[in-house]
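Respectively, the protein sequence lines represent chains A and B.
Heads up: the first sequence begins at 1 in my numbering, then just goes up one per residue.
Heads up: the second sequence begins at 1001 in my numbering, then just goes up one per residue.
Where hints are given, some of them may not hold.
[Said to hold, decoys possible] With the C-beta cut set under 8 Å, the calculated list includes, among others, these residues of chain A facing chain B: (1) G70; (2) A71; (3) I72; (4) M76; (5) F78; (6) A140.
[To be verified] As a list, the in silico DSSO-like pairs of lysine-lysine whose alpha-carbon atoms are at most 30 Å apart: (7) B:K1144 <-> B:K1073; (8) A:K171 <-> B:K1308; (9) B:K1069 <-> B:K1144; (10) A:K96 <-> A:K171; (11) B:K1308 <-> A:K33.
Hints are computed from structural coordinates only; laboratory data are not their basis.
A virtual CB, placed ideally from N, CA and C, is assigned to each residue, including glycine.
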Amino acid sequence: MILGIPITGETVAFFLLSLLIISSGVMVMSLTKVMHTALALGGVFLGVAGIFILLGADFVGVVQILIYAGAITILMVFALMLTQKGDDTGYPGPGKRSFFTLLGVAAFCALLLFVIRGTSWPVATTKVDPFPQPSIVMIAQSLFHTYTVPFELVTLILTAALVGAVVIARKEE
Amino acid sequence: MLNWQSSPLTGIGFLGMVIGGVLILGLILGIVTYLIYFERKIIGWMQLRIGPNRVGPFGLMQSIADVLKLLIKEDIVPENADRSLFLLAPIIAFVPSFMVLALIPFTATHVFTSNTQVGLLLYLALSSITILGIVLGGWASNNKYSLLGGMRSAAQMVSYEIPLGMSVIGVVLLTGSLNLNTIVVAQSRHIWYIIPQIVGFIIFMIAGLAELNRTPFDLPEAESELVAGYFTEYSGFRFAFFMLTEYVYVFALCALATTLFLGGWSGPFLPSWIWFAIKTSACIFFIFWVRATMPRIRGDQLMGFAWKVLIPVALANLIVTAGVALL
C-alpha cells in the first residue's frame, strides 16, 4: 500500500502506461521536428491501447493499435516523407509567457484535484461482473443484432465520404 | 508457475513470464541463425551450387560467424542522418516481431502462449507497427535509396495487409473465435482448415510473402536497383536487427499459417511440438523455394495484383464461406 493504493500488477501497469502516455504527450508538444512529433503521437496511441486492455476492453485496445498506432501514424509519416525537409530549429521558445502558463496549469490542476477528492464516488455494494460474456461477443451482438440499421447507415455514410474524397482528390489533376 | 494464463498476476507468475520470454528469445535466435543457413543451402542446391561449406562441418557455423562479424563491426551513423530516429528505428521494427510470438500456440500444453480472445487480431495489429520502424529507418538515413525503399515498403505492406486480413476471416467464421488456441482445438476435432479454406490459404501465403518483403515482392529492398532499400545506410548490429526482424517474421508468419490452416500442433503419434515444427518447416521451405524460382515483379503489377485480384477473390471466398457457415 502506497498512498492508499494497493500495489498489484494492475496498478503497476496502470502507472507505467500513464507514464508512457504523459511523457509521449509532452514530447508531442516539445519536440521541434515534425517526424519526431508523429512518432511520439504513436507512443500516446500505444499507451491508450494499453489502458483499454487494462480496463477489460481488449477488442477496443487491439483495434486502437491496429488503426491508430499502426495505420494513422504510418499515414502521417508517409505524408511527412513527401514534404520538404525544412529547417525547423529556429523556434524561439515561449519566453516570458511560460511563468504565467505554469501558474494557470498549476491552478487548474489544484482545482481538478480538489473536485475529484471532494466528490463522493459511488462504491459497488455487490460484486457485478462487468463482462458476463467475452467483450468481443457482446460487441458483435450489439452491432449486428440490436443496432443493425444504424450500423449499416454509418457504413453507407463512410463509403460516401470515401468516394467523395477520391472525387475531390482527382479534380486537382 | 506455469498457469499464469488463467490466474491473477503474482510474483511467481511474473517470474514465469520473464523466464518464458528469455527462453523464447534464445529459441528464436537459434531458429533464425539456422533459417539463414538453410536458406543459403537450399537456394545453393536449387542453383546447382554447394552453398556455405567452409565454417564448421557442412558449414553449420557459417551463420554464427556472420552474426559475430556483424556484432563486432563499427556502428556507423551517417553525418546528415536524423540521429535519434536512425538509432531508434531498428528497435521499433524488431520489438513487435518478437511480441507476436507470444500469441503462437507452439505446443498442446500452451506453455508461454497467451490465451487472449483477440489473438489473431493482435498479431495483425502488432505486425503493422513494424512498418513504422522500416519507414522511419528509411527516412532517417537521409539517403534517396533508403527513402524510396521505405516508401515502397509502406505502400506495399499497407495494401497487402487488407487481403491478408480478409483471407483469415474465413477461418474465424468457421471457428467462431479469434483465439488462436481455440482455432487449433477446433481443427484437431474436425478437419484442417486448409481443405475448406484452400482459397484463403493461397491468398494468405501470397499476401504473407508480400508482407515479409520477400521475393517475388522484394521491391522495398531490391538489391539490384535500390542497393538494399531502407537499410542501405545501416551497419553492424543495427543492420543485424533489421535482418533479425525479417527472419523472425518469416518464422512467425509460417507459424501463423500452421496455426490457422494446417491444424497447428495437432497430429497423431508424435508429440505436439514436433508436429508444429514439421508443419512450420514445410511452410518455411515453400518460402525459400519461391525465392529461388520466381523473378521480382514490377511496382505497377504489385499494386494491381493486390487490388484487382487478391481483394476481390478474398471477398468472394469470404461470402461463400459465410453462406456455407450459415447453412
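Exercise. May I ask you to test the interface hint for A140 of chain A with respect to chain B, counting a Cβ-Cβ separation under 8 Å as satisfied?
Key: 10 Å, violated
Practice problem: Measure nothing beyond the straight line between the CA atoms of K1069 of chain B and K1144 of chain B; if it is 30 Å or shorter, mark the hint as holding. | Solution: 27 Å, holds
Self-check item: When the least beta-carbon distance from A71 of chain A to chain B is tested against 8 Å, hint result
Solution: 7 Å, holds
Quiz item: Taking the closest Cβ pair, is F78 of chain A under 8 Å from chain B?
Solution: 5 Å, holds
Quiz prompt | Interface hint for I72 of chain A, Cβ within 8 Å of any Cβ on chain B | solution = 11 Å, violated
Exercise. So, M76 of chain A near chain B? Judge it on the closest CB pair being under 8 Å.
Key: Result: violated, 10 Å to nearest chain B Cβ.
Exercise. For the pair we were handed, K96 of chain A and K171 of chain A, check the Cα-Cα distance against 30 Å.
Key: The hint is violated at about 47 Å.
Quiz item: Given the hinted pair K171 of chain A and K1308 of chain B, is their alpha-carbon gap at most 30 Å?
Solution: Since the Cα atoms of K171 of chain A and K1308 of chain B sit roughly 24 Å apart, the hinted pair holds (cutoff 30 Å).
Practice problem: Starting from K1308 of chain B, check that the Cα of K33 of chain A is at most 30 Å away, please. | Solution: With Cα atoms ~38 Å apart, K1308 of chain B and K33 of chain A exceed 30 Å; violated.
Self-check item: Given hint K1073 of chain B paired with K1144 of chain B - CA-CA distance at most 30 Å
Solution: OK: K1144 of chain B and K1073 of chain B at ~24 Å, within 30 Å.
Self-check item: Given hint G70 of chain A near chain B, where the shortest CB pair must fall under 8 Å
Solution: With Cβ-Cβ at 3 Å, under 8 Å, it holds.
In summary, the numbered hints that this structure violates are 3, 4, 6, 10 and 11.
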